[in-house]
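Enquirer: Model the full structure from these sequences, guided by the hints.
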Amino acid sequence: MVMYRLQARDTSLEMERFLICALRDLPAHQKAKRVQGLTVGLQRLCYAGICQQYPDIEKLERRQHYALRWLGGNWAIKVVPLGTGWMVGDPITFALEIADILDRLKIPYLVGGSLASSILGEPRATMDLDVVADLQGQQAAALIEAFQSSYYISESAIYAALGAQADFPSFNAIELETLQKLDVFVLGEQPFTRAAMERRQRVAVRENPPGYLWIYTAEDIILQKLLWYRLGEQTSSQQWRDVLGVLKIQAEKLDRLHLDSWSQSLGLSEMLARAIQEAGLADTQEGQL
23 MVMYRLQARD TSLEMERFLI CALRDLPAHQ KAKRVQGLTV GLQRLCYAGI
73 CQQYPDIEKL ERRQHYALRW LGGNWAIKVV PLGTGWMVGD PITFALEIAD
123 ILDRLKIPYL VGGSLASSIL GEPRATMDLD VVADLQGQQA AALIEAFQSS
173 YYISESAIYA ALGAQADFPS FNAIELETLQ KLDVFVLGEQ PFTRAAMERR
223 QRVAVRENPP GYLWIYTAED IILQKLLWYR LGEQTSSQQW RDVLGVLKIQ
273 AEKLDRLHLD SWSQSLGLSE MLARAIQEAG LADTQEGQL
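Quick note on numbering: the working numbering labels position 29 of the sequence shown as 51, and the sequence is numbered without any gaps.
Take these hints with a grain of salt, some might be off.
Below 30 Å or equal to it, Euclidean Cα-Cα: the simulated DSBU-like pairs (lysine-lysine) are [stated by the list, open to error]:
(1) Lys81 - Lys100
(2) Lys55 - Lys81
(3) Lys55 - Lys128
(4) Lys275 - Lys55
These are computed hints drawn from the structure, not numbers from a lab.
Expert: Pasting the structure below:
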């Protein structure tokens, strides 16, 4: 029998219930603010560790070490020479800037990944921004031009993604000052992803000045996270925790029929059933903890 799984081993069941109830009452912009604080804190901690380990190096070398730790070696080689230092990056401002570019170019999008699951579930730090974009070939040149001044972006990677037959064709962009990374997944012909785009929801992620993003619905981010979990051979404890967080916090608000229908179509039924049990929702029609 599958038992209820706590989000963190050092948290009691009683405390987790309290935290989940508190998170349910938080508006999206306050959850986004938590993501902002956690991510900025992680960035600062990473940079402070570099400064402590290498107290005498110059700014450019610090940028190189930060890029290596935050982005990995392949990206560090590409982006380090394109700047002279580093500044803290706000993930919410970053997401809103990307959304503004896509809106201006009339490219429909939805935000997924850890930012979407944090807004709909348990907030956490995010290492990058995942966006699904309904990008057409005739829009590519304008998109490249919009990114060129402040981002590293590969023109060939964009056109390769547009012509790819893979399930998740993608390309990346990196903001040169903050080294924040954007992963763009080009909307293809996959029925689930197209349905998710049609069901996307607009949420307020900043109160003052107001800022809005189109993100996955709770049901669809659960399904998308399960797809990524399966693609990673079911080894990512963080993906699984994100799924449980959304299930626990959305609970009775979830459209179970939608989840059941698409989980069958995607071959995720057993995985979803396990997640529902570990979230404590298996014994109630309403999904109430």
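Enquirer: Look at each hint and say if it fits the structure.
Expert: Right, here's what the structure says about each hint:
Between Lys81 and Lys100 the alpha-carbon distance is near 17 Å, which keeps this suggested pair within the 30 Å criterion. At roughly 29 Å between alpha-carbon atoms, Lys55 and Lys81 fall within 30 Å of each other, so this suggested pair holds. Proximity of Lys55 to Lys128 is assessed by CA-CA distance (about 27 Å); at most 30 Å being required, the pair is judged to hold. Only pairs whose Cα atoms come within 30 Å are accepted, and Lys275 paired with Lys55 is accepted, the gap being roughly 23 Å.
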